[in-house]
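Undergrad: Construct all of the structure, not just a fragment, from the sequences and the given hints.
These protein sequence lines are chains A and B, in that order. Each residue of the first sequence is one higher than the last, beginning at 107 in the numbering used here. Each residue of the second sequence is one higher than the last, beginning at 24 in the numbering used here.
A couple of the hints might just be wrong.
Estimated spans, in silico, between C-beta atoms of each pair [what the hints assert, rightly or not]: (1) Q59/B / R231/A: 55 to 65 Å; (2) E305/B / E397/A: 33 to 43 Å; (3) T122/B / D395/A: 51 to 61 Å; (4) G148/B / K266/A: 27 to 37 Å.
Covered by chain A, according to a simulated footprint, are these stretches of chain B (three or more residues, beta-carbon under 8 Å) [said to hold, decoys possible]: (5) 179–185; (6) 221–231; (7) 250–264; (8) 299–310.
Bear in mind the hints are in silico, worked out from the structure with no lab data behind them. All C-beta atoms in this analysis are idealised placements derived from N, C-alpha and C, irrespective of residue type, glycine included.
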Amino acid sequence: MSRVGRNITVSIDRLRHLGHRQDRPRRIASDASTCPKCDSHYSGDEMHRNLRVCPACGHHFPVTARERLEQLGEPGGYVELWSDLRAADPLQFTDLKPYVDRIREAETKTGMNEAVVCAELEVRRVPCVAAIMDFSFMGGSMGAVVGEKLARACEHAAQKGIPLIILSSSGGARMQEGTLALMQMAKTVIALDALAEAQVPVIMILAHPTTGGVWASFASLGDVTYAEPGALIAFSGPRVIEETTREVLPADFGRAERQLANGQVDAVVDRRELAARIGRVLHILAPPDGEALVAAPSGWAQGGAERVGRVAQSLPSLPGKIMGRIRPGSGNDDGPAA
Amino acid sequence: MSGGKPDGPSFVRRVTGKLGRSSGVQVDEDLWASIQLARHAERPYTLDYINRITSDFEEMHGDRLFGDDPAMVAGFGRFNDRAVAFVGQQKGRDTNERTYRNFGMASPEGYRKSMRVMEIANRMGMPIVTLIDTPGAFPGASAEERGQGGAISRSMQLMWRLDVPVVAVVIGEGSSGGALGLGIADRVLMLENSTYSVISPEGASAILWRDASQAKRAAQAFKPTAANCYRWGVADAVIPEPPGGAHTDHEQAAEILGQYLQRTLLELEAQTPAERRVVRRERFRRLGPLRDPEGGVAMASGRDAPPPG
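TA: Set out below in structure tokens:
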């Protein structure tokens, strides 16, 4: 059984593969990836087409921020924002290696300047601002640049009056920026409120993992919150909890499916349905111009109201004494409050 | 929590062992001593201050949703002839009390209790003072399943939305999101020997050095002292402690804190709620230096001068 406990993705492919999985070639092509859950091999192109979800078992692989933007919108259909912001090293921090070296390595490895990419795009014809975190850049950790870009994304979306989509995939605050990284939690929580004031919805997508200071700040404040299957969503990770409290945790601790049962997310959504799902909810919460819902009462609703009125008229009127007793301020302190 | 790929532990131990022997890293003993003072067993805790600077303090209990969290204290009292709401994490002094108070590590119920009290204070037009003293929010399965992350983020959101003056004081150990959950304020004050950090030195040591014994070195790297937080712009003022530290004289420590609170509240009460909210947002908005080719080399975030007094 998988670590997640149970798959919520029912895949026809999975059933098809189960019968002759042993017969699959064990040789791995140079551009292939192997599913850590079911050992199936796929070429890079096949994975790309399937949105980096294993067609056999539904395991969700990590996705880079830019590929995410293509998955959500149209290929090449986004305009990136504030891409030249880069980290400083306020503490001259060194752990096992200097922070500046870690940044340089991450930049080389990922081709990105930071752990979040912001862009304007359309999701199913709804114009949005999106802020997509990328775990491959220093664990998606939130330092001053991530905080600043998220705050700008909030302000930009509020000012334009269009929805904000945030996809989180982060271990939490960036240790190497110390106390100033902690303060990004405050910055993002406050910035997110600009959207509430502008009456614009925030769609939060929790990808694996969403932990620490990211879960304890903006990531837990979405209006609509979807989680990807199997994503770890927690303030303290399982390892920290087991070391601190000596508790034995269930295998699915903090996973998206369990957090759905805990009431922490609105739905667990398969990545292959994510864009359609976001599009659908945005068409209700923030319909694009020309598609606004018409608020005219239907014949059914009118008929209903008349019926309710008729029923109310036919009820016998209540004696005034009884009404008087439960009215507050009538002098009877022991009576129940209205 | 970030870092490079996990190397083999034995390899890491060899490398760190070598680093430890070389004189490359100097551990500043004064800094370590100050961090130890921040969590001194005899240091005054939240209720020690509240009981000295207020009269008629009425403590509230329970979040009306699940339970009462003894790691968080919240209530109303009289402070210099005005009604003030106080909330803060509470540590224990002996083994029994430490267990009862869960070492000052609050659960979601604690943050929800404090939110309940802050909402009442806001409705009644009462200023709010938070006293921060925690190694972090409680890392337990129960806390997680009841929404620890959301409790902290909603506490921050509520504090940002408040109309009344809000002052946060770090009185001891201010570690991680558990501390910041009470930290969204018009003014953030820090006691001279308190710390405000993204994580405790022990936690950082285990994560970044993969070795729990590197706490001193982690502290050296984070430098989370009150004076540094003032330089970074994280703290607005540093409150002096009695000679030798707050643990040497609780009465005097409380008296000095009361004087600073009084002065800060008078300043804030002279402003309108709208003015306070602009400053509250801006003080967090500007924190965190970065390289912006359009806006200059680095965004100014702190001060160069040491704290006055």
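Undergrad: According to a criterion of three or more residues whose C-beta lies within less than 8 Å of a C-beta of chain A, is the region 250–264 of chain B covered?
TA: With 4 residues in contact (Cβ-Cβ under 8 Å with chain A), the coverage given for the region 250–264 of chain B holds.
Undergrad: Is it true that the C-beta distance of E305/B to E397/A lies inside 33 to 43 Å, as the hint says?
TA: 38 Å, holds
Undergrad: According to a criterion of three or more residues whose C-beta lies within less than 8 Å of a C-beta of chain A, is the region 179–185 of chain B covered?
TA: With 4 residues closer than 8 Å to chain A, the region 179–185 of chain B meets the three-residue bar; holds.
Undergrad: Can the suggested window of 55 to 65 Å be confirmed for the beta-carbon pair Q59/B and R231/A?
TA: 60 Å, holds
Undergrad: Are 3 or more residues of the region 299–310 of chain B near chain A, judged by a Cβ distance of less than 8 Å?
TA: holds (count 5)
Undergrad: Are there three or more residues in the region 221–231 of chain B whose C-beta lies closer than 8 Å to some C-beta of chain A?
TA: holds (count 7)
Undergrad: Are G148/B and K266/A spaced within 27 to 37 Å by their CB atoms?
TA: Holds, at about 36 Å.
Undergrad: Given the hint of 51 to 61 Å, check if T122/B and D395/A actually sit that far apart at their C-beta atoms.
TA: Given about 60 Å between the Cβ atoms, the range holds.
Comparing the model with each numbered hint stated earlier shows that all of them hold.
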